[in-house]
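J.: Sequence order for the protein chains is A and B.
Just so you know, the first sequence maps onto residues 837 to 950 in the working numbering.
Just so you know, the second sequence maps onto residues 837 to 950 in the working numbering.
Please note that the accuracy of each hint is not assured.
For identical chains, the list gives no copy identity; a pair is met inside one copy or between any two copies.
Distance condition first, Cα-Cα at most 27 Å in a straight line; then the derived DSSO-like pairs of lysine-lysine [what the hints assert, rightly or not]:
no. : residue 1 : residue 2
1   : 856       : 903
2   : 862       : 916
3   : 918       : 856
None of these hints come from the bench; they were simulated from the model.
Quick caveat: nothing in here was measured; it's all calculated off a predicted structure.
If you want the building blocks of each chain, they are given just below.
Number of protein chains: 2
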Amino acid sequence: MPVVKYEDIERTEVLMEGVKDITVAKVIGQPQGWPDHSLRVFQIAPGGFTPHHQHDWEHVNYVVSGKGTVTIGDETFEVKEKDSAFVPPNTMHQFRNPFDAPFEFICIVPNKGA
Amino acid sequence: MPVVKYEDIERTEVLMEGVKDITVAKVIGQPQGWPDHSLRVFQIAPGGFTPHHQHDWEHVNYVVSGKGTVTIGDETFEVKEKDSAFVPPNTMHQFRNPFDAPFEFICIVPNKGA
Numbered sequence: 837m838p839v840v841k842y843e844d845i846e847r848t849e850v851l852m853e854g855v856k857d858i859t860v861a862k863v864i865g866q867p868q869g870w871p872d873h874s875l876r877v878f879q880i881a882p883g884g885f886t887p888h889h890q891h892d893w894e895h896v897n898y899v900v901s902g903k904g905t906v907t908i909g910d911e912t913f914e915v916k917e918k919d920s921a922f923v924p925p926n927t928m929h930q931f932r933n934p935f936d937a938p939f940e941f942i943c944i945v946p947n948k949g950a
Numbered sequence: 837m838p839v840v841k842y843e844d845i846e847r848t849e850v851l852m853e854g855v856k857d858i859t860v861a862k863v864i865g866q867p868q869g870w871p872d873h874s875l876r877v878f879q880i881a882p883g884g885f886t887p888h889h890q891h892d893w894e895h896v897n898y899v900v901s902g903k904g905t906v907t908i909g910d911e912t913f914e915v916k917e918k919d920s921a922f923v924p925p926n927t928m929h930q931f932r933n934p935f936d937a938p939f940e941f942i943c944i945v946p947n948k949g950a
């Protein structure tokens, strides 16, 4: 099926050290035919966050709804619906939701980070 | 600048045979540090469309706002805000906006298609 309807995506809780109140849905990746990357949709509940960590692949992000913050290196940016971010490889980063509504964003990674 | 605010993206008209009433904004790509792919945001005005064509790279799509149709091979799907689509390489495809509001979507391509 080449089209994935938003209401059909399956969210699973992210169970990883340093994570609080996040779900992920794997939307487009190898099962759909994308050979080398994966598009996931993360949702961070109010008060939730991703680990403050780094790895040797990049993130390409696009905010679907709500707002939150993204720390990249030693800078923290507030991002909202329709803003984008690029997290370079080997750069400390963290997403946080200090607001009252869910913060939902796309995160695209190469297969080694999926 | 690792964050691109939606209000700052620069839209340019798509001038290509078979295109009607489309703008594109190149949001994340080589200038931002993504080595091998590019994330563009297209906006199709009501009545507009992309060419009905094919090429040897894939499209990864995510609808930002509005709704429209995507034809992939011999099937046509209606897609709306937050739906996704995958257009395989070497497959005839076309995006159309038969509705009354702008149809805005992300289109990710490998560099050879950017």
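J.: Each of the hints needs a verdict: does it hold here or not?
T.: Going through the hints against the structure:
1. 856 x 903: within (16 Å within a copy, 33 Å between copies)
2. 862 x 916: Both ways: residue 862 and residue 916 sit 21 Å apart in one copy and 18 Å across, limit 27 Å.
3. 918 x 856: both (23 Å within a copy, 24 Å between copies)
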